[in-house]
Structures are given as structure tokens and as C-alpha cells.
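Work out the full structure, taking the sequences as your base and the hints as a guide.
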Amino acid sequence: MSRNRAIDPADAKQQILAYCKRKGALAAGVADVAVLDRVAPPGHRPSDLMPKVKSVISLGVGGQTRGAWTVPAKAMGYFGSTESRAYTIAYGCAFFIEGRFGVPSIYCPPDVDNAFGTRVPLQSLKLHAEVAGIGARSLAGDILLHPEFGYMYFASVFTELKLPPDAPLAENPCPAPSCVKMYRKVGRTPCMKFCPVQCLSGTIDEQGNQVEMHYDMAACADLSEQYEALPMMLSRAAHADDADDVLLDPDNKLFWYKMSVGSGGLLAQCFECMRVCPIATQAPQADPILRLEAAERQAGDEQP
Amino acid sequence: MTAGLSRAQLGVTDAMLHAYADVVFKLSNNLQTRRGDPIRRLELDAVDAQREALGMSDAQIAGRIGLTPAQVTWIRNFAENRRMRVNNFQRLLELGGGRRHREERFVPHEDRFAYSEAALALRESLHFDDELTARYVQAGWWSNQTLSAWLEQHATATPDKAALLSAEETVSYAQLQARVEHLASALYRIGIAPGEVVTVQLPNVPAYVVVYLAIARLGAVMSTLYMPHRAAELETLLAHSRSRAFVCLDATGDFKPPETALALQANDALPDLQQIIVAGRAPAGTHALNELLSGNAGPLPPLPVAADPLLLLYTSGTTAAPKGVPHNSHTVLSNAAAGVEAHALSGEDVILSAPPFGHLYGLYSLHLALCTGATTLLLPAFTPPALAALIAGSRPSVLFAAPAQLIACLHSGAFDAHAIDSLRMIVLSGNAVPARLIEQLGARLPRATLTQLWGMTETQAGTYTRPGDPPELAARSAGRPSPGTEVRVVDENGAARASGEEGELQLRGALLFPGYLRNEAADQSAFTDDGWFRTGDIASLDQRDNVIISGRLKDLINRGGVKYNPRDVETLLDAHPAIQQSAIVPFADPVLGERACCFAVLNPGHEITLDDLCAYLLECGIGKIKLPERLQIVAEMPLTPTRKVIKGRLRVVDD
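So the sequences go chain by chain: A and B. Note that numbering that gives the first Met the number 0 numbers the first sequence so that position 229 is 228, with each residue one more than the last. Note that numbering that gives the first Met the number 0 numbers the second sequence so that position 304 is 303, with each residue one more than the last.
What the hints contain is simulated information worked out from the structure, not anything from laboratory work. Backbone N, C-alpha and C fix where the C-beta goes; we use that ideal spot for every residue, glycine too. Hints are supplied without guarantee of correctness; some may be wrong.
[Unchecked claim] With a straight-line Cα cutoff of 27 Å, these simulated BS3-like cross-link-like pairs (lysine-lysine) come out:
(1) Lys-25(B) x Lys-125(A)
(2) Lys-25(B) x Lys-192(A)
(3) Lys-20(A) x Lys-161(A)
[Unchecked claim] Distance windows between CB atoms, simulated:
(4) Gln-197(A) x Gln-49(B): 19 to 29 Å
(5) Leu-48(A) x Thr-12(B): 32 to 42 Å
(6) Thr-12(B) x Asp-36(A): 33 to 43 Å
(7) Arg-99(A) x Thr-12(B): 50 to 60 Å
So this is what it looks like as C-alpha cells:
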């Protein structure tokens, strides 16, 4: 593509990442497609979705507000998250790349793979972000954490534009020193202790690094996928010869998920592990108030 | 369905599910284990080495095991469903989340309390009309008033105030609450759960009140036996109420309730009865009430609410069709709360009930005292000298009594021997109040309020005269409806009768029970199509809507305020070899109001005396209160075409 050859990849990358941050992303980076294709299982590789993809751009937006961490669990279930903001930025970014550089791009669908139920994504946005260097896997079920921004929501953009990839984070912020201290005392980190269904466990070595992370995703999903599913499916079940056949049919389990979203019910995670995570809640710019304070400090430093 | 394909199309068999469900689940991303940080470190060989632990896609599992991807999807979903635990989100909602969460505080749903089938059946019997329910709630008659809340309120506000006064002791509100909590936890520990019925046969002693309030605190339901009740009534009423426990004295004269209950239990006559609790010497297989009271307080179920059933009372002890009257706190406590103001009672009053607490009239006085924080003075067993001496010695301000009781006191001279001038109010109920009684009491207590009250087990306090009404009104009228209650007098077609005209007294209101327990026939005859309760009493209304009771439609014998249906006695008599047919009818008595006369047609060649007849009935387990007190032998009964005795034609000949 002639127009592609005229593009300076490094400059394009800078413009694209600047666009993302200008639109509200806290962090953005480019993942190496070769690594993604190697790690992701067949059917879920970037090239399975976009055959000519050359680069995967991952961006993260801030997670909950500080106030959100103080509310009772029931209210927390209704908070939802800020992922839609990330999706909006990614959607705009795909338009930006095509409009600015003339190269085909897509906003990566963040949805689950309809053929495989509620627990299998089309593409792992987490893998994209990790490889792009804007998050590292935590002991809390591999939720990504960032040393500066804590807990973020991610979105991805696929493009046929070749961009220089970023490296993954050099250090994993998880476990935080206070978590290591607690682990030494009671054998569990806060996320492990306070998980309502005890779906997390793991070990930490003498240097304070993760050795093993165990995550019972089925138990985690049990907690979150049963709350306030809308009654249409129940109505169908009520008229079926065997209600279990309808209620627990694989296709209908996706419906549970969808209806939970529609009703504002708990979805995918209950946030309890993040609520007690010092990185998610206390990283230097983990919430808008901390970011405001950081901006004020920076402005003060820059004054003569 | 998986991707639109049925199980048959996929070829997934039960054998496959059995063989592969576990391994598919373990290989899937439902269970994830990551060692180290291989992706971030770009240690891609390490990623490959732990793919199975990290969790594989269905396609990967299919290739790994040798199944089709769609089969894996179906099997994985089956394994997820098999493992799925419902209601897990309640952990979050109940425990609050964040650092408030403590897993050990969560009780899994399958381990939580569930009402027994008997308890649910009793709850089901509280089928109030929806429109009336809304009306009573919106009008404020029904709120969340419970005995436990009242007790807590007084134990907090006036802990040292006397709640109970008896010959043996004075019990303060704080002490009463402590005893109630102890006993409630002990009852809970031995298996008395919310909703279960506990039958109580005790005299009016402090333990009665403690037991009643402990039952109420548990959210259990009290049923009562009168003290004269014997084996026949015990079996009939405990069986019908499906009582889980029976609380009784060790002996009442020759009658030994614990042994009787144990024998019935052993014969499987009372399959629901699990615990017998004895005030006094407890035989093997029973609990001593004192021991339950002295144990350490343990856990208790959540506080009951006003909609929970509170009482299950019986209007008769017939073996044929016991009429169980369920009440919840809405009906009886709303009626009592309104009664406190209507009777002008206060927390300073000392209230004495001459009738037993086994009768709702006796309980009404207790409800009033507990509502207002007054003191309850206890009379274990009525005799004229005992009542008069207690009034003189403890100086109550309010007396609840049956007219027959006070007539007996006046006739016996008991009130001449003791001062009763502490009484500022006497409430009379149970049978008709003779004008002469009002005159005599008025002369003896010129400043006291004399109140006539009319009520039934189905209603508690239905109508009464009020303080400020002239004494002659109490002599001729049962007063006006209690707050929240409506009455009407109708003819046999249901048309309203004019003022002064007699008809059937009908009632509805916040106090009214919802219907008999497991007795549809009784319900059908007791309620009109538009939901009014047929009292069975003949009455008229005066110009000011005061109710004047003039007779009864029913055949109940009203002996000194204790009403009973003689049908079970007649059934036993009809089985006597000397008797061909019997019928029991009341005859007037100046003291008790009514006594029972037995009419009997004898079989040829037989004779029988009243003593023979009573001995036979006692042997059959009939309580003394139901024994006929006169016998008239007749050649034949007046009969309807269907051979029913026309009792109205039986005339009792004076001695």
C-alpha cells in the first residue's frame, strides 16, 4: 500500500497514542502481534479476526472513582465500570487511523464469543494490554494492574498499519509490599481473603514475587451471573417440560449474561478483590482525586 | 443446544458426560493456574508449557482429548452447571463487601431455617382479605407491634418496674425479659422453631407469662388448654394443633398431664409432639421448666414480626371438628393497643385477671398490661376468698372478671371480709351481666368504672362500654365496638335491623381472626359472603349504637363464662349401654349463668343416675367442667324429620 510506505511508523505511533490520551486514556501502547498470535489460542488470535492485522493498539482508562470503593456491595454491583469509555476511545481511534493514515483499522469487539458462552472472549483485551506494556497480571485472577494508574479498563484497536511494538512492563506491581507483609502473616493477600466466594489463592516467594496464581473462574462467575437476570428466560422455562433444560442451556447462559447487563446487575466481577487492592486504590494516579492532586503537584513544581 | 445443534446431533451421551466432564472442566479456563509471570517476561516456551494450567479454549481441549469442539462446549457447559452454586451473590449483599466481608458469617442457603410443613399450614390459614388488610394498615390499626417489642421497650425504659406480682415473687420488666430470653433460647435449643405450636396448660402464675412471651419471642405459636381439660381434650387439641411441645404442671389433682402426654406420644396419637415441659417434677422423657430457665442464654432466631401467627386457640374441644382460631399479632395486639386508650389504662395500673390466661379474655388483660407497661397481678386459681384476699392484699387498680365470679364473691360474702376499694375499674365479660350485679358493685365502689365487654375467641375485645359511660349502660349493654371494629345487626336474610330490633350480631375489623384452622365447613357457616363474621349471638343496637346482647343462636353451654360445645359428651353418652339417646341443654343458674342438664332416653330395662353418668364420663377422660349437673329421663326426644333433637323443646324441670 503506497500510502503506508510514506508513513513514519514511529511518528504514526506517537500521533495515535497521543490521540488516545487526548481522548481520556491514561495509558496506551502497541502490542507485538507476533507475540499475541503465539500466546492466544487458535480462533482467538488477532489474525483470526483481522487477517492482515499488523499492529494491536491497547489503551486503558481509569477504573472506579475513589467514592465507588466506599459503597456497600449491593450498590457496587450497579456501578458497572468505565469500559464503555475505553471502547469509545478505541472506536474513535480506528476512525482516526483510517482518516489520518488511510490504513484499514477496526475497534476490537470486546464481547464474548457467542459460540462458546459467557466465559470465552472473542479476543483477550487483557493479553493485548499486557503485551503492550500497560498492565501486569495480578494475583487477583490475573486482573491487570498498572504501577501508576492501578486498575484500568482496556480496549483495543487492530490496524493494518505497522507500528513499532512496546515491551511489557519491566516490573509487576503485584503484590504490593503491604500485601506481601499480610501474606507472610496469614498466608493470604487481601484479594484472597476478601473474595466472597474464595476463588483466589496463590503463593509469593521470598523476594516478594508471584510464584503461583490460582483462579476459580467458575466460582467467580457463579457469584456474578445469577443476579437479576431478566424474566423472559424464566418465563420460557416455566412453560418448558424441563425448566433446567432451558435455564442452563449453553445458549441461554449467554442470555443470563446479557440480561444481567441490561438490568444493571453484577457482571463478571464483583470488584471486591480490587476494592481491597492497594494498587487499585492507592497507586499514585489510581483515581480522579489522586490524579487531580498529582496534576496540582506538577503545576506547583513547574511554577518559577 | 450448542451452536444450534442438539445433543443428539452432537452425539453427546451420558457415558461421555460421565467420562469427560471432570477433565474438560479442569482443562478449561474455569480453573486457572499461572506459575511465574511468563507472558510479561515473554517466556513463550513457559507459556506453552503451562497452557493446560492457564486454561484452554474448547478447540484446544477438543484437540487435546479427542472430541469435537462442539462436544467439548456441551460437556464443559454441563460440568459448569453441575458445579454452579445458586444465590452466591447473597454473600455480597448480606456481608456488605470490602473489608466488611467475613466468609464465616455467611450461612449457605441450604443450611438455613425453613418452616416445617405444619408451621406453613398454620401460616397459610392466616388468609386475610386483601382489601381489608390494606385498609387496616393504612388506617394504622395494623403495624409491627409485637409482644417482644413491647417487652423490650419496657425493660429498657422502666427496667425495675414490677411486671408481674404473685404470692411468691415480684418480677421486674428487666427480670422478665431476661427470663424470656433464657427460656426462648432453651426452647430453640431443644427444637422449638419459629412457627411451631406450643400448647400450654398452666394456671395464672409467673411461669405462664414467661412461657407465653418466650414462645412469642421465638416466633412460635401458643395454644392453650384450660386447667379442667383432661386426656380427651389434650389428645384432641394437641393433635389438631399439631403441637410440637406441651407445657404443663406435673399434676392437677389426680390428673397427671406429663404422663398422659407421654402415653399419647408412645401410642403415636400425637405424632407432632416432640417435647413435654413440666413445671414441677419432670418425669423421664420430659424437660423440667426450671432447668430450661436456669440454663445459659444461647442463640435466638430473628425477632418475629406482627404478621407471624401468635396464638392458636380453640372454641371447643369436640372430637368431631375442633375449631382452631389462629391469631397473629396484628389482630390481638392492635386490639389491645387500641384498648389501652379506650379503657383509659396507664402504666401505673396494676391489672388483675380473674379468668385464666388459657382464655383469650384473660390474655386480653395481659396484652393490655404489656402494651402500656402496667403491672400484672396473678391469681393462680379463682375462688371467691382467694380473689377477695388478693385484691385486699395487693390492691390492684383494674379487675377483669366474669360476672359469675363476682356474683359468687358477693353471695359468699368474700367481698364483705376484704377491702376491694383499690379498684378503680372493673371489666366484666364472659356471660350476661345482671343489672343487679352492677347495682351491687356500684354501691360498693361508687367511684369505680364498671365496664361490660363482649368478645369471643375469634375477636378478643369486640365491644365494650367506655369510662364515662353511665353505670346503667354497662348494666344493659356490651357497649360500642372497640376501635378498628365494625358491627351490624341483621335479620336472617342479611338485611340490617333497625335500632332496637333484634337480629344476629355480625362483626368485622382489625381484631377479627381470618378463619378456622383446617375447618372449611366452620368457615362457611361463620362468615357471610361479604366477609362479616357471624357471632351466633342475638343482639340489637340502641340509638347510640351500643350493642345489647339478648341471647345466642348456638348451642354452647356457657358455664360461668367458659363456653363449651356438649356434642362430644353427647357422643359418649349415646355409647353408654343404658342410654338410647341423649341431649345436653343449658339451664339458668343465678351464679354461673348456665349449667348443663342431660336429657336421656333409656334403653328398655336400664336405669342410670347422675352419679353413674358422671363417673362414666370421667372414665372417658371428659373434664369436670363438662359434666352435666342435672339428669332428666324422658320417654322420647322431640325430633326433626331428620332425627335431630330439637333442643329448644326440652324444658328443664326445676328441682
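Of the numbered hints stated previously, which ones are contradicted by the structure, given in increasing order? none
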